[in-house]
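K.L.:
Here are the chains, one letter per residue:
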Amino acid sequence: MKSKHLLSIKDLSIADINNILTKAEKFLDKKNKKKNSFSDKNIINLFFEDSTRTLTSFELAGKQLGASVINMSIATSSIKKGETLIDTAMTLNAMDPDILIVRHNMSGVPYLLSEKVNCSVINAGDGSNEHPTQALLDALTIKRHKKNIAGLEVAILGDVLHSRVARSNIYLLNKLGAKVRIISPPTLLPPKIEDLGVKVFKNLEEGLKNVDIVMVLRMQKERMSGTFVPSEKEFFKFWGLDRKKLNNAKKNALVMHPGPINRGIEIDSDVADDIGRSLILEQVKLGVAIRMALIEQLIK
Amino acid sequence: MKSKHLLSIKDLSIADINNILTKAEKFLDKKNKKKNSFSDKNIINLFFEDSTRTLTSFELAGKQLGASVINMSIATSSIKKGETLIDTAMTLNAMDPDILIVRHNMSGVPYLLSEKVNCSVINAGDGSNEHPTQALLDALTIKRHKKNIAGLEVAILGDVLHSRVARSNIYLLNKLGAKVRIISPPTLLPPKIEDLGVKVFKNLEEGLKNVDIVMVLRMQKERMSGTFVPSEKEFFKFWGLDRKKLNNAKKNALVMHPGPINRGIEIDSDVADDIGRSLILEQVKLGVAIRMALIEQLIK
Amino acid sequence: MKSKHLLSIKDLSIADINNILTKAEKFLDKKNKKKNSFSDKNIINLFFEDSTRTLTSFELAGKQLGASVINMSIATSSIKKGETLIDTAMTLNAMDPDILIVRHNMSGVPYLLSEKVNCSVINAGDGSNEHPTQALLDALTIKRHKKNIAGLEVAILGDVLHSRVARSNIYLLNKLGAKVRIISPPTLLPPKIEDLGVKVFKNLEEGLKNVDIVMVLRMQKERMSGTFVPSEKEFFKFWGLDRKKLNNAKKNALVMHPGPINRGIEIDSDVADDIGRSLILEQVKLGVAIRMALIEQLIK
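Quick note, the sequences are listed as chains A, B and C, same order. Going by our numbering, the first sequence opens with residue 1, and the numbers climb by one from there. Going by our numbering, the second sequence opens with residue 1001, and the numbers climb by one from there. Going by our numbering, the third sequence opens with residue 2001, and the numbers climb by one from there.
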């Protein structure tokens, strides 16, 4: 990899991406998990935002490689004692970890920290900017079902404005030659999003036509209050993915979601739980393998 | 074992129980602890209730077997983000753990989750239903002091109504041939408890007569408010185990408690700290060994 | 070591100290980290106070030695259920850990617990009493820069009254033959501190004259309210270490701080970030090595 950090999908060449996807598939075989060669490696998960799945996924990935993994959540951190963000990172860096995995609700924090520390930094989600490992695991999920990503029609549906997952997926899918479209209510559409190389649809039925993959985004409850969306019920009626709306897509179109899902808001249980169409749990499974591959790539 | 889960003592045959007790004794020897053969195994502790001793005991048991152990407490979980209990479990299951160890304040949650996931589930305490590993460690503690459990007179004393420990112990001690009696104030006695094969005593002195083991139950402070019990002082006077009351039991009767103890409420310090009579700390010690044996049994 | 605990610097002979410092330097070489010989050892971090750096440092130290490390913070502990401090410690002790590492906001708690348990106890900071591993890592930091500690002039600057770091450093530096002075506003000076073998300066410029090392202490925000110190601004003006004040010391004087630092209160960023003068991040780095050495010493 040209960079020792993973801050943005933009840091990765196509060769880097293919490398990570190939390595990750290797880790799906249980025999390739625990490697004692990583027993002298230390990983610190520095999470300033609550998280179940991403934190657990990185923790498992590190431990399955045999590394020592330390979790630091903001609740127990010295930030409360008035230490600055950068001082916290430099203090942890002084303890000689191999990787610092950072999640923060402000865009740019992992980049800022990567300039200060000498270990590798992985962006585990920063504000509404990027979540590169989510995009990588999404790409692996698609690849395992559709073989080639190039040429696929992928629709990203929902709250694109606040979604770091959307941004990382747009970058990655474009790099790999997919055609990406955005389907979103006007209030949740970022300005000039077309400049990132996506086609915008403000009509859901039209937007789903001829689509191979529908990526449904998580809708934050705190946005269901008038400014962005009138109500949960209204949002589900017009933008929530149910069987009927999904029928506008290709017959074998598959459904993805970064989780955790809000049943009855952005996705109907009937679709989310359809094992023939929904890849949601497979995304979780592949997430651990992708993170193992990335960690191995960065610290070997 | 006939089941790949441990949800209830009822899942276990007498052979299963003896197997676990025998294995656990082997682990009391330090040389038999850390086994690298489990280094590719992953255990997730999914605790929806605060816990010191049970969580730490399971964590230590898993780590001493060389497995990777991940703790998830409700505070950091996506439940707060509106994800359902089952979605949380299925997400964790998708990460391919070998065992999910579940504690929840509602009866039946471990059973519900075991129907949805494909890893093993261990019930680490569900509501006022069961706490099977506590009963197993209690059985091992008794066995090490009294040799045979069959034929022993065991009294369970206190708040039986809310006690998952009582329920699991009643099932297990009955299976192993002990004679179980319940000593409890009428307000804390579950209806039809006799149907589980116990003898009920509403008089403490009488109930303790000829008893080999007194298992004192923990009294929840929140029940000391009139409905169940008039006051802490009143409860201690009539139902708290002190030296004088204990003198009603056999001369060599031993005292147990699942912990944490409330000194001066359900048990007097004089009895709790009597190293000739109290097995409380030994129960803790044997708890780690029992959990190691159970984990080994489920994932080997 | 003559004691199986480390509760106070007073427990250590000069030979013990030199032993730990020498071992710690060995661990600075990455090759000497992970040792599988400790894979059957268990360490419990029992922290009743929030901490980033000390907890992480001990956790990393234990894991790099290959031991199983379990963190218990008060938030998840049974203390909330009414269990006494000593019962908590004895319960953990019954699980057979090799070391209990204790931090508490009351002076004397580690000592109290060491009398009750049979594992080793390390004091990770107790009230305003002691923080012996901080003093050891400070000594190693000084030794690596000044070769000999004997004969050095070391000034400890700031809130000595509430500082466990100051107390442990006074004991240790005196043992190793340094000349220790205290520079402190009268309101933050403990009575009879001269009895510990230090020279007291109430004037900062005078106190820094001819000094080799300035140890700046952390100023707790909650003391900036009139009783101890009129205001943050006032404190910084008279007692905060900036470049101009530092010029009173020897030309090659070095600056230390136990962290986390309060920029613009007890130390100016210009000094804290001066890589030619500030040893703050090196202290953090050496802290992990010191704790590895101490753990190895106690449980080998």
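Hints are computed from structural coordinates only; laboratory data are not their basis. Quick caveat, the model's predicted, so the values are computed rather than measured. Careful: at least some of the hints might be erroneous.
[Claimed, not checked] Facing chain C, according to a computed beta carbon distance under 10 angstroms, are these residues of chain B, among others: (1) K1010; (2) N1019; (3) L1055; (4) T1056; (5) V1069; (6) G1259; (7) E1282; (8) G1287; (9) I1299.
Backbone N, C-alpha and C define an ideal beta-carbon position, used for all residues, glycine too.
K.L.:
Give me the numbers of the hints this structure contradicts, sorted from smallest to largest.
P.N.:
1, 2, 9
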